[in-house]
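Novice: For the numbering used here, add 1002 to where a residue sits in the sequence shown, where the first one is 1.
Derived by calculation from the structure, the hints in this document are not laboratory data. A couple of the hints might just be wrong.
Claimed, not checked - Label-pair ranges, simulated between beta-carbon atoms:
| no. | residue 1 | residue 2 | range |
| --- | --- | --- | --- |
| 1 | Q1036 | K1478 | 51 to 59 Å |
| 2 | D1456 | K1189 | 48 to 56 Å |
| 3 | P1279 | G1066 | 52 to 60 Å |
| 4 | F1374 | W1525 | 18 to 26 Å |
| 5 | K1271 | K1154 | 31 to 39 Å |
| 6 | K1302 | A1365 | 39 to 47 Å |
| 7 | E1349 | E1150 | 35 to 43 Å |
Backbone N, C-alpha and C fix where the C-beta goes; we use that ideal spot for every residue, glycine too.
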Amino acid sequence: MALIDVKVPDIGDFDEVAVIELLVKVGDTVKAEQSLITVESDKASMEIPSSTAGVVKELKVALGDKVKQGSVVLVVEAAGEAAASAAAPVSPAPSVRAEPALRQAQDDRDSGQASPSTSSGQTEIAASGPVQVLVPDIGDFKDVAVIEVLVKPGDKIALEQSLITVESDKASMEIPSSHAGVLKELKVKVGDTVNIGDLLAILEGAVAASPSPQPSPQGGEGAKPAAPAVPAAAAPQAASVSVVAAPAAHNPTASAPVGLPHASPSVRKFARELGVPLAEIKGSGLKGRITAEDIQSFTKSVMAGAVQTVAQAAKAPASSGGGGSELGLIPWPKVDFAKFGPIERKEMGRIKKISGANLLRNAVMIPAVTNFDDADITDLEAFRVSTNKENEKSGVKVTMLAFLIKACVAALKKFPEFNSSLDGDALVYKQFWHIGFAADTPNGLMVPVIKDADKKGVLQISQEMGELAKKAREGKLSPAEMSGATFTISSLGGIGGRYFTPIINAPEVAILGVCKSNMEPVWDANKDGGAFVPRLMLPLSLTWDHRVIDGAAAARFNAYLGQILGDFRRVLL
1003 MALIDVKVPD IGDFDEVAVI ELLVKVGDTV KAEQSLITVE SDKASMEIPS STAGVVKELK
1063 VALGDKVKQG SVVLVVEAAG EAAASAAAPV SPAPSVRAEP ALRQAQDDRD SGQASPSTSS
1123 GQTEIAASGP VQVLVPDIGD FKDVAVIEVL VKPGDKIALE QSLITVESDK ASMEIPSSHA
1183 GVLKELKVKV GDTVNIGDLL AILEGAVAAS PSPQPSPQGG EGAKPAAPAV PAAAAPQAAS
1243 VSVVAAPAAH NPTASAPVGL PHASPSVRKF ARELGVPLAE IKGSGLKGRI TAEDIQSFTK
1303 SVMAGAVQTV AQAAKAPASS GGGGSELGLI PWPKVDFAKF GPIERKEMGR IKKISGANLL
1363 RNAVMIPAVT NFDDADITDL EAFRVSTNKE NEKSGVKVTM LAFLIKACVA ALKKFPEFNS
1423 SLDGDALVYK QFWHIGFAAD TPNGLMVPVI KDADKKGVLQ ISQEMGELAK KAREGKLSPA
1483 EMSGATFTIS SLGGIGGRYF TPIINAPEVA ILGVCKSNME PVWDANKDGG AFVPRLMLPL
1543 SLTWDHRVID GAAAARFNAY LGQILGDFRR VLL
């Protein structure tokens, strides 16, 4: 084991830069070249990588501190090859992210101020004919991916206006235009890779800045020739790194600057992996920078239903309190209930909010019909009780629902349209039988799915049902465990009731509802010339999509299901 000081490497022409983000903490295991901190000057921001691998024992810097080349960032406990290699440390190049300069230039254009490259010391010369805009020198980067296109054909492009955003594994930057004009053709798209000199766009009516002598601002040394105007991305320091919230942020005709989210490349990559819109997050870091913790917190809020993204809000169907105008209905009544007596208001839980929106859509869009029937399960119940006695030591308790799942699989195979889904004007017949079952939980209704129920026995199904129901009550069901169902069973057997009309779980085309079985007198014509005998009857409520299934098929399905439940040996046929 060896304790090694990790220092700030050569960061170019920067001195006393501020630490604006800490990317690791004490106890973390870091790899060589893993980013440790983010620093920022008035012209650029960059991530400082580690020169060795090991465990962070001590942080030597804090947010707001100033560092320079040679400053100790942290102390790492290295072992093995990492400790040996520390004797000849390397200075990995930091990932340069020069965003403030270009952002300031953009803000200046938006507010009507002159940018440095179009100052009084420059003259504008109209280009003759179409002008090609090439990818400028972007530093030591090759085959960088285009992650965002910020303009479209027909847009008016200002000099140095950002056209695309590219990103390597260490840094991202915006590529500006070397000319002003109208964008006639864009030669790249999201997902392409580009290099220096690649054709980026074609402009018409373009103008470019050309150098001209400029008097010395001091006035005492005489005039000095100005440096040639160079596109902002001619070096890594001139490339902005921020991911833009929308292309409109780059419109030079905008009346006011649009706020751009500040985040390091690693944080933005994390956000893209989770599908999190950075523009909708308020950063808690220095200068409003978005941190990984901000993204995690935002994701948890969305998952809990406390926050909706803009995309979610745009797609969300109207709730019962939302009006109904989308369906051509009169508005939902608004009533001040407190006028009539005491009230208590409680927000609905996340699961009820989500399921409510789905139920409303399914109830409105599906022409549903329900058939009611009864199944004689007297013999099956006796078999279930004896099976449980035989398997007491196994700890697996067989429920009637497990037998129902197997019976439904047999019925679905005989009537395959019940195991299908609508896709436009076509029916998709599924060659797998995944059965969902509704589980009542403290947080609301959840529907775990028994996958490949046709390949499993009743005992295995019972065991899986118990495990999934337990997860549902604890709120630990994964999305995969609630998806893929081809048919659903909603059972109220443990509660009571007689019949009900369950709502189909789209894109399924049918759902079976069952209630508590009851002992009833049933006429038996073969017993002593005819007599009423006590039989255990199970109420069945089959709801089906009339676009796919007709009444005759539904009646046959229920009758066949009743036959199987009456004599379970039919499952083998």
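Novice: Is 51 to 59 Å a correct range for the gap between the Cβ atoms of Q1036 and K1478?
Specialist: 32 Å, violated
Novice: For E1349 and E1150, compare the CB-CB distance with the range 35 to 43 Å and indicate the outcome.
Specialist: 37 Å, holds
Novice: Given a hint of 48 to 56 Å, does the C-beta separation of D1456 and K1189 actually sit inside it?
Specialist: 53 Å, holds
Novice: Do the Cβ positions of F1374 and W1525 conform to the proposed distance bound of 18 to 26 Å?
Specialist: Given a distance of about 19 Å, which is inside 18 to 26 Å, the answer is holds.
Novice: Taking the Cβ atom of K1302 and the Cβ atom of A1365, is their distance within the range 39 to 47 Å?
Specialist: The hint (39 to 47 Å, Cβ to Cβ) is violated, given that K1302 and A1365 are roughly 31 Å apart.
Novice: Given the hint of 52 to 60 Å, is the C-beta distance from P1279 to G1066 inside that range or not?
Specialist: This hint is violated: roughly 28 Å between Cβ atoms.
Novice: Mind checking the hinted window 31 to 39 Å against the Cβ distance between K1271 and K1154?
Specialist: Violated - the Cβ-Cβ distance for K1271 and K1154, about 25 Å, lies outside 31 to 39 Å.
In this structure, the earlier hints numbered 1, 3, 5, 6 are contradicted, and the remaining ones agree with it.
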